[in-house]
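Enquirer: Here are the chains, one letter per residue:
2 protein chains.
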Amino acid sequence: MRRSDVGAIRTVAVVGMGLIGGSFYKASLKAGYRTVGLHHGDGPAALADADLVLVCLPPPAIVPWIRSHAAAFRRGATVVDICGVKSPILRDLADVPRDGWTFVGGHPMAGREVAGFENSLADLFVGASMILTPFADCPGETLAALRDYFASVGFGMTVVTTPEKHDEMIAFTSQLCHVVATSYARDDLVKDSVGFSAGSYADMTRIATQNENDWSALYLANRASLVPVLDRFIERMAGFRDAVAAGDADELKRLIVEGASAKRREIAARAAAPKG
Amino acid sequence: MRRSDVGAIRTVAVVGMGLIGGSFYKASLKAGYRTVGLHHGDGPAALADADLVLVCLPPPAIVPWIRSHAAAFRRGATVVDICGVKSPILRDLADVPRDGWTFVGGHPMAGREVAGFENSLADLFVGASMILTPFADCPGETLAALRDYFASVGFGMTVVTTPEKHDEMIAFTSQLCHVVATSYARDDLVKDSVGFSAGSYADMTRIATQNENDWSALYLANRASLVPVLDRFIERMAGFRDAVAAGDADELKRLIVEGASAKRREIAARAAAPKG
Numbered sequence: 001m002r003r004s005d006v007g008a009i010r011t012v013a014v015v016g017m018g019l020i021g022g023s024f025y026k027a028s029l030k031a032g033y034r035t036v037g038l039h040h041g042d043g044p045a046a047l048a049d050a051d052l053v054l055v056c057l058p059p060p061a062i063v064p065w066i067r068s069h070a071a072a073f074r075r076g077a078t079v080v081d082i083c084g085v086k087s088p089i090l091r092d093l094a095d096v097p098r099d100g101w102t103f104v105g106g107h108p109m110a111g112r113e114v115a116g117f118e119n120s121l122a123d124l125f126v127g128a129s130m131i132l133t134p135f136a137d138c139p140g141e142t143l144a145a146l147r148d149y150f151a152s153v154g155f156g157m158t159v160v161t162t163p164e165k166h167d168e169m170i171a172f173t174s175q176l177c178h179v180v181a182t183s184y185a186r187d188d189l190v191k192d193s194v195g196f197s198a199g200s201y202a203d204m205t206r207i208a209t210q211n212e213n214d215w216s217a218l219y220l221a222n223r224a225s226l227v228p229v230l231d232r233f234i235e236r237m238a239g240f241r242d243a244v245a246a247g248d249a250d251e252l253k254r255l256i257v258e259g260a261s262a263k264r265r266e267i268a269a270r271a272a273a274p275k276g
Numbered sequence: 001m002r003r004s005d006v007g008a009i010r011t012v013a014v015v016g017m018g019l020i021g022g023s024f025y026k027a028s029l030k031a032g033y034r035t036v037g038l039h040h041g042d043g044p045a046a047l048a049d050a051d052l053v054l055v056c057l058p059p060p061a062i063v064p065w066i067r068s069h070a071a072a073f074r075r076g077a078t079v080v081d082i083c084g085v086k087s088p089i090l091r092d093l094a095d096v097p098r099d100g101w102t103f104v105g106g107h108p109m110a111g112r113e114v115a116g117f118e119n120s121l122a123d124l125f126v127g128a129s130m131i132l133t134p135f136a137d138c139p140g141e142t143l144a145a146l147r148d149y150f151a152s153v154g155f156g157m158t159v160v161t162t163p164e165k166h167d168e169m170i171a172f173t174s175q176l177c178h179v180v181a182t183s184y185a186r187d188d189l190v191k192d193s194v195g196f197s198a199g200s201y202a203d204m205t206r207i208a209t210q211n212e213n214d215w216s217a218l219y220l221a222n223r224a225s226l227v228p229v230l231d232r233f234i235e236r237m238a239g240f241r242d243a244v245a246a247g248d249a250d251e252l253k254r255l256i257v258e259g260a261s262a263k264r265r266e267i268a269a270r271a272a273a274p275k276g
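These protein sequences, in sequence, are chains A and B. Numbered per our numbering, the first sequence spans residues 1 to 276. Numbered per our numbering, the second sequence spans residues 1 to 276.
Think of the hints as simulated: they come from the structure by calculation, not from any bench. Among these hints, one or two may not hold up.
Note that the list lumps identical chains together, so a pair holds whenever it fits in one copy or between two copies.
[What the hints assert, rightly or not] Here are the simulated EDC-like cross-link-like pairs (lysine to aspartate or glutamate), alpha carbons at most 16 Å apart as the crow flies:
id, residue 1, residue 2
1, Lys165, Asp188
2, Lys253, Asp214
3, Lys30, Asp148
4, Lys30, Asp248
5, Lys26, Asp123
6, Lys165, Glu258
7, Lys30, Glu164
8, Lys253, Glu212
9, Lys30, Glu212
10, Lys191, Asp95
11, Lys191, Glu258
12, Lys26, Asp49
13, Lys191, Asp148
14, Lys30, Asp123
15, Lys191, Asp248
16, Lys191, Glu266
17, Lys253, Asp49
18, Lys165, Asp192
19, Lys253, Asp242
20, Lys30, Asp203
21, Lys26, Glu118
22, Lys191, Asp214
23, Lys30, Glu113
24, Lys191, Asp137
Given these sequences and hints, build the entire structure.
Expert: And the structure:
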């Protein structure tokens, strides 16, 4: 691809009109882009003018859709998939002929506990982080144009990383949360909990109502990164349990201070992080 | 005690002016009670008029303070301790002579992540649950007067239960949350998490900044109830981990549905719960 083919993003095609696709559609319109919304089965004509194609389909549909539309993207276009797992997507797209267009993996750190276009919001991404996982040969100007676009639809920061680092971090910051919440809610005491709980318990179990098809697919797609994250967490819980059982106050204080210090350092790093 | 000694609560003495004591002090004043705030070392004179004494001291100070003031409470007074563990308090107070006054254990399901009178709020308890653990011989009119008082300072419901059931439920709804949060934050990946997280991770780790002295004391005071709660949670996490490692999608869906169904039943029960 010639450098001159990569320009500012003016026309955006959003494929898939669920919660996330709908929110990108509304946010792009609001930010002033010429925006087209496509459903999974729509023909390729609408792609001819798109500088940016956001593929917001269920994970198993993403690679087949991109493969079957590989010849329809315009020269200089950037195609970004929007889903929560990145290594398998980039691996499966590595051999797709990309004649003049660029693929970049994408994962917005935003969502809601409700699904569908009817729940999508133009301001869903305000202040959130957008993660991008490009191929190694991705032109710098493509990433610069994407940063501008994602900032313009509300994101507070864009992180560029490898698919492997993305998958490890998401196993920790998202999937482990969901495994903890569902495991928490599977205790018999849940049925007695009305009147015995405040904000911490509500925060800890809110996402227990996750959809079993979506989440089992995400856990399994990211199995290689998730299992070691689960193993380490279970080991730390068991260490804490043993200190309680042994009545070891010094060890408990040490473990609490370690967790509290790590969390405080993270809060400080978050406050100091560059935006945009 | 004669029934006629138990009347409506008009004068409230709050002992201990930290976050919770200060909030009871401000909420009682706002609700129109004659309210006295006492510090730990204040003399007994201020207790002579108090219909209700709320003992908001650190847990180890509660029983000694009540013992040493046992002769100072007025006839018909109700003394409620305010702290997060109940069986040891009631056990240690069982032999204290209660000449015309009544003791009831108390635990408000409300708090903040900041401490001290300067952070106390008149509306801290609005909509929260107040848990009461009376001795078996507690007069019904005492509990009725307490329900009225706690409703008047903002609580949405009052739950009367045994100290043992309280301690088991709190191990599950509060202490397990705090152990999970601190164990979560002790992973090396926390330092890389800026840009890789959304609301779930923030909700899950917010309380990791817990105070090591307060919380190690609470965990150990409730050791008998907490250890089995931790064991069951670790076992469920390990079962989930094994299903991920084995690539068993059916088992993962079964576990997720079990957690999601339990959480949905809890949400429905909460919506249907009687208030006040």
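Enquirer: Evaluate each hint against the coordinates.
Expert: How the hints compare with the structure:
1. Lys165 to Asp188: Between copies only: 13 Å across chains, 37 Å inside a chain, cut-off 16 Å.
2. Lys253 to Asp214: between (39 Å within a copy, 9 Å between copies)
3. Lys30 to Asp148: Intra 15 Å, inter 52 Å, cutoff 16 Å: intra-copy only.
4. Lys30 to Asp248: The answer is neither: 57 Å in one copy and 43 Å across copies each exceed 16 Å.
5. Lys26 to Asp123: Close inside one copy (8 Å), not across copies (39 Å); limit 16 Å.
6. Lys165 to Glu258: neither (24 Å within a copy, 31 Å between copies)
7. Lys30 to Glu164: Classified as neither: same-chain Cα gap 33 Å, cross-chain 57 Å, threshold 16 Å.
8. Lys253 to Glu212: Between copies only: 5 Å across, 37 Å inside.
9. Lys30 to Glu212: Neither. Shortest intra-copy (33 Å) and inter-copy (48 Å) distances fail the 16 Å Cα cut-off.
10. Lys191 to Asp95: neither (51 Å within a copy, 35 Å between copies)
11. Lys191 to Glu258: Close across copies (13 Å), not inside one copy (33 Å); limit 16 Å.
12. Lys26 to Asp49: Classified as neither; 19 Å inside a copy, 64 Å across copies.
13. Lys191 to Asp148: neither (48 Å within a copy, 27 Å between copies)
14. Lys30 to Asp123: Only inside one copy: Lys30 and Asp123 sit 9 Å apart there, 39 Å across copies, limit 16 Å.
15. Lys191 to Asp248: neither (32 Å within a copy, 28 Å between copies)
16. Lys191 to Glu266: between (35 Å within a copy, 6 Å between copies)
17. Lys253 to Asp49: Neither, since 61 Å and 41 Å both go past 16 Å.
18. Lys165 to Asp192: Close across copies (10 Å), not inside one copy (41 Å); limit 16 Å.
19. Lys253 to Asp242: Answer is within; shortest intra-copy Cα gap is 13 Å, inter-copy 31 Å.
20. Lys30 to Asp203: neither (32 Å within a copy, 30 Å between copies)
21. Lys26 to Glu118: within (11 Å within a copy, 44 Å between copies)
22. Lys191 to Asp214: neither (26 Å within a copy, 28 Å between copies)
23. Lys30 to Glu113: neither (23 Å within a copy, 38 Å between copies)
24. Lys191 to Asp137: Intra 54 Å, inter 28 Å, cutoff 16 Å: neither.
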